[in-house]
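Asker: Protein chains in written order, with the working numbering: chain A, 5 to 140; chain B, 488 to 806.
It cannot be assumed that every hint is accurate.
Restricting the straight-line Cα-Cα distance to at most 16 Å, the calculated cross-link-like pairs of lysine to aspartate or glutamate (EDC-like) are [said to hold, decoys possible]: (1) A/Lys90 / B/Glu604; (2) A/Lys104 / A/Glu136; (3) A/Lys87 / B/Asp624; (4) B/Lys573 / A/Glu45.
No wet-lab data here; the hints were simulated from the structure. Remember, predicted model here, so these are calculated numbers, not experimental data.
Listed below are the residues making up each chain.
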Amino acid sequence: MTLLSLTISDVEVGQELPPLDIVLTRTLITATAIASRDYQEVHHDPSIAVERGSQDIIMNILTTNGFVGRYITDWAGPNTFIKSVKVRLGVPNYPGETMKMRGKVTAVTGNDVTVVVTGSNSMGDHVTATIEIALP
Amino acid sequence: MSTATSQTDQDKQAFWQQLQSFVGKEIGPPQPAPDEVNIPMIRHWCEAIGDNNPIYLDSAAAAASVHQQIVAPPTMLQAWVMAGIKPRVVSETSPYEEMNQLLFSHNFTSVVATNCEQTYDRYLHPGDKLSMTTTIDSISPEKTTALGTGHFITTRQDYFDQNNQRVGSMLFRIIRFRPAARKETASNAVRPRPATTHDNSWWFDGLQNAKLFIQRCTKCQALRFPPGPVCPTCVSMDWEPVEAVGTGTIHSFVITHYPQVPGLEYPLPVLLIDLDEGVRMVMNPIDTDIADLAIGKKVDIVLCATDDDLTLPFAKVHK
Numbered sequence: 005m006t007l008l009s010l011t012i013s014d015v016e017v018g019q020e021l022p023p024l025d026i027v028l029t030r031t032l033i034t035a036t037a038i039a040s041r042d043y044q045e046v047h048h049d050p051s052i053a054v055e056r057g058s059q060d061i062i063m064n065i066l067t068t069n070g071f072v073g074r075y076i077t078d079w080a081g082p083n084t085f086i087k088s089v090k091v092r093l094g095v096p097n098y099p100g101e102t103m104k105m106r107g108k109v110t111a112v113t114g115n116d117v118t119v120v121v122t123g124s125n126s127m128g129d130h131v132t133a134t135i136e137i138a139l140p
Numbered sequence: 488m489s490t491a492t493s494q495t496d497q498d499k500q501a502f503w504q505q506l507q508s509f510v511g512k513e514i515g516p517p518q519p520a521p522d523e524v525n526i527p528m529i530r531h532w533c534e535a536i537g538d539n540n541p542i543y544l545d546s547a548a549a550a551a552s553v554h555q556q557i558v559a560p561p562t563m564l565q566a567w568v569m570a571g572i573k574p575r576v577v578s579e580t581s582p583y584e585e586m587n588q589l590l591f592s593h594n595f596t597s598v599v600a601t602n603c604e605q606t607y608d609r610y611l612h613p614g615d616k617l618s619m620t621t622t623i624d625s626i627s628p629e630k631t632t633a634l635g636t637g638h639f640i641t642t643r644q645d646y647f648d649q650n651n652q653r654v655g656s657m658l659f660r661i662i663r664f665r666p667a668a669r670k671e672t673a674s675n676a677v678r679p680r681p682a683t684t685h686d687n688s689w690w691f692d693g694l695q696n697a698k699l700f701i702q703r704c705t706k707c708q709a710l711r712f713p714p715g716p717v718c719p720t721c722v723s724m725d726w727e728p729v730e731a732v733g734t735g736t737i738h739s740f741v742i743t744h745y746p747q748v749p750g751l752e753y754p755l756p757v758l759l760i761d762l763d764e765g766v767r768m769v770m771n772p773i774d775t776d777i778a779d780l781a782i783g784k785k786v787d788i789v790l791c792a793t794d795d796d797l798t799l800p801f802a803k804v805h806k
C-alpha cells in the first residue's frame with residue numbers, strides 16, 4: 005500500500021479529513037489493550053467490567069491516542085511529524101459500537117498544521133482531539 | 488447557623504491548603520521502561536490499531552521519509568513504560584497515595600479520566616531506552632460536574648532517553664469526585680426502575696454515561712422527547728442523539744404527598760422543565776427548597792446516580 009504524503013501546500017484551513025469508521029469488535033478492544041501493555045481487567049474481562057459499573061469492556065486511553073495518530077497519518081502520510089496529541093475523553097467505546105472519526109484543519113502557520121478530530125459512537129463523542137503536526 | 492457555616496468554611500480552607508501542598512511533588516523514583524523501543528512491540532501495536540504508515544515497520548520507506556529511519560508511532564509513548572500484567576508496587580507513603588487517601592477521607596471516592604495531552608520532542612527509534620518521572624502538576628478547586636462534585640487532578644509524566652534527554656511528556660487529568668447525591672431512605676428501598684424498551688433504553692444508557700440526550704430527527708431536524716421511534720413532525724424513522732446543554736425553566740410543578748412509593752422522599756415535588764433547546768422533561772428537584780419553586784424559574788440540570796444502576800436528571804432551581 006502506498007500512502008500519499010502531503011506537503012504544506014496541499015493543506016488549507018477548513019479542509020476535511022476523509023472519514024474513517026472503526027468497527028469496535030471485542031477482539032479489537034482486547035488486542036489493542038494488550039498491544040499497549042494495558043492489562044486492566046475493564047479492557048478485556050466483561051464480568052469484571054460489569055462488576056465495576058461498566059456496561060461491558062471499554063477501549064483503553066492509549067488506544068484512543070493510537071487511533072487519533074493513525075487517523076492523522078492515514079490522511080497526511082509518512083512525512084508527517086506529529087508534535088502533540090491532546091484528547092478530551094467522553095463516552096466509552098464498547099464492543100458492538102462503531103467509532104466514526106472525522107477531522108478538520110483548523111489552523112496552518114508556516115509548516116505547522118492544527119487538526120481537530122472527533123471520534124463518536126451511538127452515545128456521543130468518545131474523543132475530541134486537537135493534533136499539531138508539521139509537514140514538509 | 489452562622490458559626491457552623493464558618494466552621495465548615497475553615498475546614499474547607501484547611502483541606503484545600505492540604506491538597507495544594509501536593510502540587511509539584513514527584514510521585515516516586517523514575518520508572519524505567521522494561522524493554523528498549525523495539526520492532527516486535529511496534530508490530531503488535533500497528534497490527535492491532537490497523538496503522539499502515541510504513542515508517543514504523545518498512546525500513547526502505549522509512550529511509551525515504553523525513554524520518555530517515557524506522558521510528559515508533561509517537562502515540563506509543565506511554566506504552567513503553569507500562570508496567571504490564573504485574574501491577575507496579577506503589578508505596579503507601581508516595582505523595583500520590585497520600586493525596587488519594589486525603590481525597591478518599593473527604594468522600595471523593597470515584598475517579599474518571601477526562602484529558603490526556605501528549606507532546607513529542609522527538610520520534611523514538613528502536614534501541615531507545617526510556618524512563619519516566621511523574622509529578623503532580625495541578626489540583627483544581629472543588630468543581631461541580633454532571634458526575635458529582637470533585638477536584639480535577641493533573642499529573643505530568645516526562646519521558647527521558649538513555650542520554651537523559653527528554654523525548655516527550657504527557658499531562659493526564661482525572662476527576663476525583665463524590666458520586667452525586669444518593670440519599671438513604673428509611674426503608675432502604677431503591678428508586679423504582681424506569682420502564683425501558685428498545686426505543687428508549689439508549690436514553691437511560693446516556694444518563695449512565697453522564698450525558699443528557701435529546702432525540703433529533705435527521706430528516707426535518709425537529710427535536711423530540713420522550714424518545715420514540717418515529718418523528719411526530721415528519722414521520723421519519725431516522726434520528727440521532729444530541730447532547731442537551733443542561734439548562735431550562737420550570738413550566739409547571741406539583742408537590743405530591745400521597746400515595747408514597749418506596750425509594751422516594753415526600754413531600755415530593757414533580758417538575759415540568761422546558762429545556763432551553765425546546766423539549767419538555769419531567770424531573771424531581773435537587774438541592775432546592777420547596778419554598779424556592781416557582782413557575783418560570785431557571786434551573787440547571789444535574790445528572791445524579793440514585794443507585795449503582797440508575798442515573799437520572801434532576802433540576803437545581805436557581806435561588
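Asker: So which of those numbered hints doesn't the model satisfy?
Answerer: 2 and 3
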